[in-house]
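Fit chain B to the known structure of chain A by using the hints.
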Amino acid sequence: MSTATTSANTHPTTHAISTVLGTESYKSINSSKILIVGAGGIGCELLKNVILSGFTDVHIIDLDSIDLSNLNRQFLFQARHIKRSKAVVAKETASTFNPNALITPHQANVKETHYNVSWFAQFDVVLGALDNLDARRHVNKMCLAADTPLIESGTTGYSGNVQVIIKDKFECYDCQVKPTPKTYPVCTIRSTPSAPIHTIVWSKSYLLPHVFGEAEDEGELDRAELDGENGDEIKTLREEQGSFNKIREAVKSDGGPRVLFDKIFNRDVRRLLQMEDMWKTRTPPTPLEFDEASTSTAHPTSSGASKGEGDSATENTAESAIADQRKLTLADNVGLFLDATARLAQRSSNTTHPIEFDKDDRDTLEFVAAASNLRSIVYGIPTKTLFEVKEMAGNIIPAIATTNAIIAGVQTMKAINVLTRQMELCKPSVYLGSQLIAAPFETPNAGCTTCRDVYLTLPVKAEEVRLSEFIDALRSRVAVYADPSRELAVFERERLLYDPDFDENLDKTLMQLGCGENTFITLVDEDGEVENVTVVLAMPGEEKIALPHSDSIKQPAKKEKKLAPVAENSRKRGRDDDANDDSTNTQTYTENAQGVVSIVDSSDDEGPPPAKKMHTDGPITLDDSDDEGAEKGAEKDINHAANHTDNHTANQSPPSNDKVISLDD
Amino acid sequence: MDLEQITSAEFKVTDQRPDHKTRRYDRQLRISRLWAAAGQSALENARVLVINGSATSSATLKNLVLPGIGHFTVMDDQLVTDADIGNNFFLEPESVGKPRATETVRLLLEMNDSVQGEGLVKNPYHVLETQPDFFTNFSAVILHNTETDLTLKLSDLAWSNHLPLFSMKTSGFYASLRVQLPEQTIIDTHPDAIVDLRLNKPFEQLKKFVQSTDLNKVSDNDHAHIPYIVVLIKQLDEWKKSHDGALPKNITEKREFKKVMDSHRRKGVDEQNFDEAQSQAYRAFQSNDIPHQVAELYQDDSLKNLSKDSSPFWFLVASLKVFSDRHGVLPHPGTLPDLHTDTQTYVHLQTIYKNKAREDVEELKSILIGIIDKFSVSINIFSDDLIGAFAKHSAFLKVIKGSSIGDEYTSPRRDVISSGISDEFTESAYAIYVAFIISDAFSEKYKRQPGDCKLEDFENDVMRVNSELEKVTKDLCGKEPSKVISDSLLELVRGGGSDLPNTAAFLGGLASQEIIKVITNQYIPIDNYCIIDLIKSTTSVLKM
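Taken in sequence, the protein lines are chains A and B.
Numbering follows full-length UniProt numbering, with no gaps: position 132 of the first sequence is 132.
Numbering follows full-length UniProt numbering, with no gaps: position 418 of the second sequence is 418.
Excised from the complex, chain B in its bound form:
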């Protein structure tokens, strides 16, 4: 829009209307809010595979189709039954007798015409045998109530191909979600706020700015408009001079610090900047050293074994390490929170921080160029946006090292499980975890879920799972089964492996949330097991 348009009478503001897509996703697409344009683009390029066209699968897909996932495939060789119609919102009475895969896909697609979907009426075992490569063409694989055997085969395949896999189970009001991730390196973890004022380690330009202000020589008006950052840095400087360079340590010293600071207030002048300095003083007590979790990244094997095949993330971490070794701090994020001062000073201070951030990014980039040069890696894979975002979020980076379902199956974490279950506990997510394992053992033997039977056979199923209970508990916990496990097991058997609409809705919400986090590579996903107890309306995250 040029000036002429702006000022001419023909100016049509409606030309500015965001396009259809922007308006549809209006509420989720806000900058720095949910997942922004980069996340939306990742979502739109994603292809997911879902095994079983159940109510839970449909509920999960619904929450991926609505925000605009690129493509989804439902693989299922079953036909729609009356029971399916009863609990799956994405089937209709006319669907009975037709393939579940194509029917659910057809109805899911009605919600969003920019999403593509495909129903495959195929048996997953068969596809595994004939074309295993088929499963590696997806951004994520999602399972619901699949047999242990199939779960293990698919998770092995996903693990060796570095694909995220989500395995969901439901039975009555109990459910679980196992998230099997390849190494996940997250830059934008969406911290609450990115604030780095450098009070304790002011950089050169900031120091100069602070020194240029003399608290004693300015007018009352100017004094009331000195940014609290300046007040704090001056005060901290003085403090360190009289305390061998140490920061205020304990509560007494911190109080003393605040008291001295207050003595600089001008009498009879309403000084909001000093109020801010008081409330923000805690920031002055922080060291500005390299955060613990970043220091940990520097020790990571991926950094030691850096090679030309390493991901861009690890090259960036390598550069960050050089930077922080050099300066003792991380690159500045360039943000300045709102504070009480006049506009001119605010803009000036903002410019100082922004320029610092820009310099730091430039330096990080030149370090990076030096490093990748040794590995003959091209700078082209590092956009300026990427380097900038990395520098800005460097204090909040997160790496998740996944673990495979196969390993969990062959060598369960007995110590963790056993300490998570005690006779004194009346409830325990670990007990539900064990109950799911027992239920799996039953299903392997009898080829159906325990409790999924005629009423008169129910007691028989309970007896059968109880015999498994003893075996499994001894193996996992090294002790006799406790009441908390048998209670959980009974509830699970009562569920009979069912897919209740409300459990499906809840789990569908929870699972799709995690899938979106992984696909957009933003926020920190569940690592790695979530137990859902809808009777008590709680979830627990376990690391298995």
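Next comes chain A alone, as it looks inside the complex:
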């Protein structure tokens, strides 16, 4: 690359690469310690590439076990490995390429608390090979806090991208607002669905947990009411909810599935129909009568075929041979619903564990598919096949070996570039089906809610240190906080712990406030003049607070512009007295970038403190016409990377000077 050829290395694995790279560069690879997060399609490729390229100390983490559907691209695994840990088998297979390499597998969730900031800090570079937004954001944040370079990647079908993330140098994963999470208003899901995704979300995130899963959260309706949604409608939904408690037991008895059917597809619908006002501008739902429905062979309106028209010859492609892609009749759906419910009820009687949706769990998939189709029929919405439901509900994106190989190849190159300090080569890469493009560098977004914070890891005895002491300690070390007239607000993620108008917590210990090791506590300047400081609580030593010398603390920079007033409203969210604040309906049905649908209550969301939350706050409107959204999300992610500049929203403050203000000035 930049240096000339050098002496030959006798190890055949590394000879060629050290010749091309030069000894010095090769050494920095050889002596590095790296982490691969995820042992899926990209993770397998990465592990192979780095081991063959001369990396010798590699950790790999993945919680999953091997499934048959992984084998079409995750080449480190074979049929005989099914059900074993991905991380462990990946290590076993890859170790044979270079017996001198040390591979450390972790079969675990990377979000577990013992994978803390100092754990991330031990690596020279982290390679992300994840498949969901939530974990990506977590790893992004941990790497920023640990100041470890992260090389992030993703693929979908024939497209993919790679991004190098280094704190204060390049933009981070959160610098650009991701096109999702897409949120659905509570009532759209609960009483007025209009697209297949609405009924799928309902079955998966509402019905299944209510009947077989974790007990429900009444708060959802309270908040919806406060948000000014139709009061009578809420009241009706509340009655509906009340009767679920009885159903949970009844469903386990003989004839239980039929009881559930009558409740949700008949009685609940009738109850809603009584709300005549609701149906003045909407098509009213049609309750299902069991006897009629269970014998109806009619194909309900499905996305492919129109009512009573029959399929045209061109649509009868070879796929129809695949059972899961068959359109189900009304009676099929009823049968499937009764059967899946009976199976889940059986499982539910045998265990105290709540049943959760898993796309690979046949019982839950069929339950969700049948229930959402029946609900769609009630509302005159097109139905979906089992395959389609699995795709929409289960975060399935098309994945193939070719794209993974391409993206992992680029990612390995970027790792080499980072380790050999060739930052000019670290531009974001975008692969769009046939071409690999180097996108322009993007500096951190001044309005970013994640990477603009100054991170500080602090060993603290949480059971002894009061909040007031904690704040005072930081004022003594962070230069711009030294002036007592600078007012601060303190958050634990979203939750407000302190501000000048809310001082009840000052005498409580951090422990009493639910803060301990690995908690992220953010200090926000009330005037919005300086960047936030996020303190990561670490395992304490001898001292109550092991404060470093202020010289060794990176000081928050001054911002050019005050934060927009939007922040003021949402920041009150955590307060006790906000019961009358109507801006806080925070529970919504959310989908991540790759279509995972889940209920998110943003009051305990892992999002950034709301004072900084300008462009991610507030419900994101759903385009009802776009029921493909769940599937397209990941692709948008890619386009998003390609059309960089379009995504900086207008209400973000302009870029700040990245100068550090220190006490000594």
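In case anyone wonders, no lab produced these hints; they're calculated from the structure.
Note that the structure is predicted; figures quoted are calculated from it, not measured.
We treat Cβ as the ideally placed atom computed from N, Cα and C, and that holds for glycine.
The reader is advised that the hints may include incorrect statements.
[Unchecked claim] No more than 20 Å apart at the CA atoms, straight line, and that leaves these computed lysine to any residue pairs for SDA-like:
(1) A/K280 to B/G268
(2) A/K280 to B/W314
(3) B/K536 to A/P440
(4) B/K267 to A/R282
(5) B/K401 to A/S434
(6) A/K280 to B/Q272
(7) B/K543 to A/G433
(8) B/K543 to A/I437
(9) B/K536 to A/G433
(10) B/K536 to A/F441
[Claimed, not checked] If you anchor each label on the Cβ, the simulated ranges turn out as follows:
(11) A/P284 to B/Q293: 58 to 64 Å
(12) A/M275 to B/H264: 16 to 22 Å
(13) B/H348 to A/M275: 24 to 30 Å
(14) B/D133 to A/L432: 52 to 58 Å
Chain B alone, transformed into the frame defined by chain A:
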């Protein structure tokens, strides 16, 4: 599954489980997603030949074996060396001293038991001499770092037998992929969306439907549920009446159009359909004429020289031309995007479009029957699925006219190359292209790759390539060598024709992607040269 099963207590849903194959390929086999069942079937019936059992070849084959290619053959008469073990994941320490062909095949096959593979310990030159027909029994021929002489011989053979050939080269962090295709006619190019609302040229049934709705006489609720398509067609109709039949042309007119449309909103009613009409208004400004690339197909020589030996594709294009001459539009694809309205109206509108599409397919088929009749070609080779798919994708058809490596070698595109390299450029894919040509010239002379030598001989190799550099640059660009070429050349020599694991992985991914596109005849493959610069992590497609 009949009704009795459904309702009986014995109903076993597990009977519905997709078979083993479906589950293995679950993620790539989704309708209208990657390549669907037709593509998978093409892949499973494909047989590919790979010359050289290198790391790059193995990486390429890995990505063909995993998704389930039918059969592959590796031809290589070398034995496995220590260096092979170092960079090729599909070899193991025990393989050293054994034939590379059989060893790589053995390990590749472990990944997928439904794939067949064969290792041939033979010298390709020898096979060329003794049984040239052997090479024509494949769906595609794949080469890696083969000598120029062999590349030319095999590509000539492939070209005259209408076989796709993929020639890969690697050296350090540089690589190239030359795709030599016979004529490739692609129906399913997988466009982002197939939407044809016919706003500007509504057909009879659509017109009737639009006319049956009176914006002024319906209730507020009905007004809020009029499909935006109806709103746009009405509005466009009015506009054309007052503008001599012309569409809104410039930004002022387009704004005016949208403003007038907004004036039809009902006050105090939340009308999502009008929001949609606003955001989709740009569709109303499109002409619905025959797309440029389809009009170009109508001029193609293959159409003029239509004979009984022509491929089904060209008979279909001939029929399409008659159809579009007759109607001024292409057949309707039959799709209707989601829109805000009530279910009944949606289904009604959907039926209108679907029926139109069906009629159009029928008409296309009867035109086709008329045409093939003249050539005594049987209709049996045109399944209804084929005609339907052709009609549906008619706006997105793609034809690639290949060019041979032999022609590229004897008459290079000097004008293109010379304008692609300038003294001001600090980087240029054309410079890497030229560097590969110089490296080939060196290899022809010295029977090895430049830089593939002892350290003390490296400077000597650099000198030797530099003398080639002058000659080749003068010939190709008609000027003195510029720095950008000599820089690229130095990097290439530093690579020494090596097959680095990471370059192999990347190129293996890229090449297999293109091979799959060609085998499934879906998506648009690279035409025809791809330069890979992994130092900068970029690729460039050149047409040579």
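Results for each hint:
1. A/K280 to B/G268: Answer holds: A/K280 to B/G268 is near 15 Å, not above 20 Å.
2. A/K280 to B/W314: 55 Å, violated
3. B/K536 to A/P440: 12 Å, holds
4. B/K267 to A/R282: 18 Å, holds
5. B/K401 to A/S434: 18 Å, holds
6. A/K280 to B/Q272: 16 Å, holds
7. B/K543 to A/G433: Holds: B/K543 and A/G433 sit about 18 Å apart, inside 20 Å.
8. B/K543 to A/I437: Distance ~18 Å between B/K543 and A/I437 Cα, so the pair holds.
9. B/K536 to A/G433: 18 Å, holds
10. B/K536 to A/F441: 13 Å, holds
11. A/P284 to B/Q293: 58 to 64 Å: Given range 58 to 64 Å: violated, Cβ gap about 47 Å.
12. A/M275 to B/H264: 16 to 22 Å: Violated - the Cβ-Cβ distance for A/M275 and B/H264, about 30 Å, lies outside 16 to 22 Å.
13. B/H348 to A/M275: 24 to 30 Å: Because 27 Å falls inside the window, the suggested range holds.
14. B/D133 to A/L432: 52 to 58 Å: Violated, at about 40 Å.
Hints 2, 11, 12 and 14 from the earlier list are contradicted by this structure; the remaining hints agree with it.
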